[in-house]
Amino acid sequence: MGFSKTARVGLAGLVLCLLAGLGLRVSELRAEGRLVVGVTLEPPHLDPTAGAAAAIDEVVYANLFEGLTRIDENGAVQPALAMRWDISEDGLTYTFHLREGVRFHDGSTMESSDVAFSLQRASATDSTNAQKRLFEPIASVATPDPATVLITLKRANGLFLWNMGWGDAVIVAPESADANKTQPVGTGPFRFERWVKGDSVQLERFDGYWGAKPSMDRVTFKIIPDPSAQVAAMLAGDIDVFPNLGAPESLKRFEDDSRFDVFVGTTEGETILVMNQRRALFQDIRVRRAIAHAIDRNAVIDGAMFGYGTPIGSHFAPHSEAYVDLTGLYPHDQGKARSLLEEAGHGGGIDLVLKLPPPSYARRGGEIIAAQLAKVGIKAEIVPVEWAQWLADVFRNDHLFDLTIVSHTEPLDIDIYTRDEYYFGYFSAPLESVMTALLDATDDADRNKLYGRAQRIIADDVANVFLFQLAKHGVQRRGLKGMWRNSPIQANDVTRARWE
Amino acid sequence: MLTFFARRVAALFLTLLAASAVVFVVLEVLPGDVAQIMLGTGAQEDTLAALRTQLGLDRPAAERYIRWLAGLVSGDLGTSYTYDVPVAELVRDRLSVTIPLALLAFIISALVALPAGMFAAQHHNRLGDWGVMATSQLALAIPNFWFAILLILVFSVALGWLPAGGFPGWSEGIGQAIRSLLLPSLALALGEAAILARVTRGAILDTLGEDFIRTARAKGLGTTEIMRRHVLRNAFIPIATILGLQFAFLVAGAVIVENVFHLPGLGRLLVQAVHQRDLFVVRDVAVLLAGLVIVVNFMVDGVYALIDPRPRIEL
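Note that the protein sequences, when read in sequence, are chains R and Z.
Using my numbering, read the first sequence as starting at 1 and increasing by one per residue.
Using my numbering, read the second sequence as starting at 1001 and increasing by one per residue.
In isolation and in its complexed conformation, chain R is listed as follows (with noise of 0.2 Å):
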């Protein structure tokens, strides 16, 4: 039979297909000096200073790029390009004295110029910098000398140091600036080398960096969205650390395997369940209070975070040193739920929207507070939404939801709550003077205090409910040392990773 033969090669041709594959293994590939790192997301481009998503700060933040300032591992903010810094008297000039000798990776100096050139651009009428509020305290930069810069201020502002240690301040020169996007350059310790769209950026390590040398002398970055895919890419050693694993169920067992590290950390993603208070059922502050007794916040972490993650009781993250435990205000009571919502005239019970954006948090984490509001009597409609549309519905417009579930990750920004036609529709005339006094701060201890005050604001206000912090829980190849555990800001700084 002429057929069976043309399947017996066939066959031969599929066997032969699979031998080639059988050359080395995969994980025996690694080579000193080499990381690479698994990220979730890939970045849209590499300009931290011209977009939002989280994903550019994560490849490029203090590793390609790099601020006057900038934040470290536990959030604390450290000299970067500025070796430091003079605050006048009243708070409103800041002389900062840069590094000399420091080289932008295309060879050209970082000059006083630069950094002008860096806020103008962030700060300019047609500038695409997503948190241009950063810049707004800024009236002028001077630029005396080239290793001098000195910025005047509107007005006092006690968190502008830390404000300049974002990505989005981050200082690029005027020849390469508009080509950030596709071909960076930066000062950091690793220059960009290339860009596999959909699989990959590599970075390499820039010989010509001013301070302490890395030890690596390449880094990819290997984009893998999907969570199972990324726990087999771990497991077939293709990934060396993967900072933020999207499947906390499978941490347990790279546990218990001798070949990796589990690391859990704090980020700041606080998980909110945000009520819009432009309905009039939610400017009841006794069905606020009813619906926070109604919910059970470990049974939620428990649930849909496999038990990683902090209660929290107002909008501030557990780890930060002005932080005040207020998740004991309304415990889960459901008769009390029951007997305020009575109070409020909801005794027949209540049909709300619960409207949950795509991550795990949301969707798992809605199904079971869903449960738990229908226990008082609240029937919560879930409807799933995508990104763009919870943008475009809840967060902006007409703010079409009553309830939603979303994580709130920007560092200290407890100031939404004040913020004008937020989609809260929360307002307090006490939190926004507290607010004001902060900006006028600049003593820690007095800062810590005005933040604890806001934060027993919010939570007696129950302007959300507030669930739980966000944990940072990833995976690395044993023997990987100097990686970030938590994530003050998010970035994945490899510029101390070594291998033991």
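Bear in mind the hints are in silico, worked out from the structure with no lab data behind them.
Note that the coordinates shown come from a computational prediction; the quantities given were computed from them, not determined experimentally.
Here's a subset of chain R near chain Z, in silico, CB distances under 7 Å, partners left out: (1) H45; (2) D126; (3) T128; (4) K197; (5) A233; (6) A236; (7) D238; (8) D393.
Backbone N, C-alpha and C fix where the C-beta goes; we use that ideal spot for every residue, glycine too.
Fit chain Z to the supplied structure of chain R, relying on the hints for placement.
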């Protein structure tokens, strides 16, 4: 033959025009603002407005549609909002993964399915037939993403022979590139092969029942000769139809497998672009895929004509 060709080309353009209009309108109606998506929840109003102006989103919809069409005709596919690179470049990069992947899956599928189908038909209602039918039933029932995970567990995690996913790019050498496409193409080929084997078997059985086969037998031709000269040629029309559909599907529909193996293919680009409202990318890719399906169908029709002269008269 000439009118046949001219009609086809006219149909191609009309279909593409219709597709472009549908895609444009759907994306206009869909909620979501690309500027907000790019700049996030911390962005100020003036920044959003500046970006919209920069992207040309402040122009009226009709103007943007006409500009886009004019661009397409002149070969300018526009610039991706999110990536800020020409869409043509983006699509070309993605096709350099998707086309080889689809071809490889297509070849594997055809190499396995055609002989299997013929074998089953020749052993009709005997053990061999049941074997092929049962196997293909099983292959059809297995979802390809599950089979993909199984392949990864066996060949990447347990044996460590092949990478669990990703695509290093053709610049890393053909060997490396093929290695990373092997498991995905196997995963893709499974379901396609099962369908193809069943269609092949059915088509051959139908042909074997025809009078002219009995005549051929009566004439004293051997089994091989009958197969080659009479059965295959006739059975190939439904097979070619399925092959054409499958190829179009492999290019456009590999998105799930691309996700499991995190391959930077066209399907994933499209899904990502829809999420990010990267309008130019979505529109261009959608029109490109529509064009591809039409071209493949066109080629299949051409193949019919080669195999069997009759359709030409009907057209």
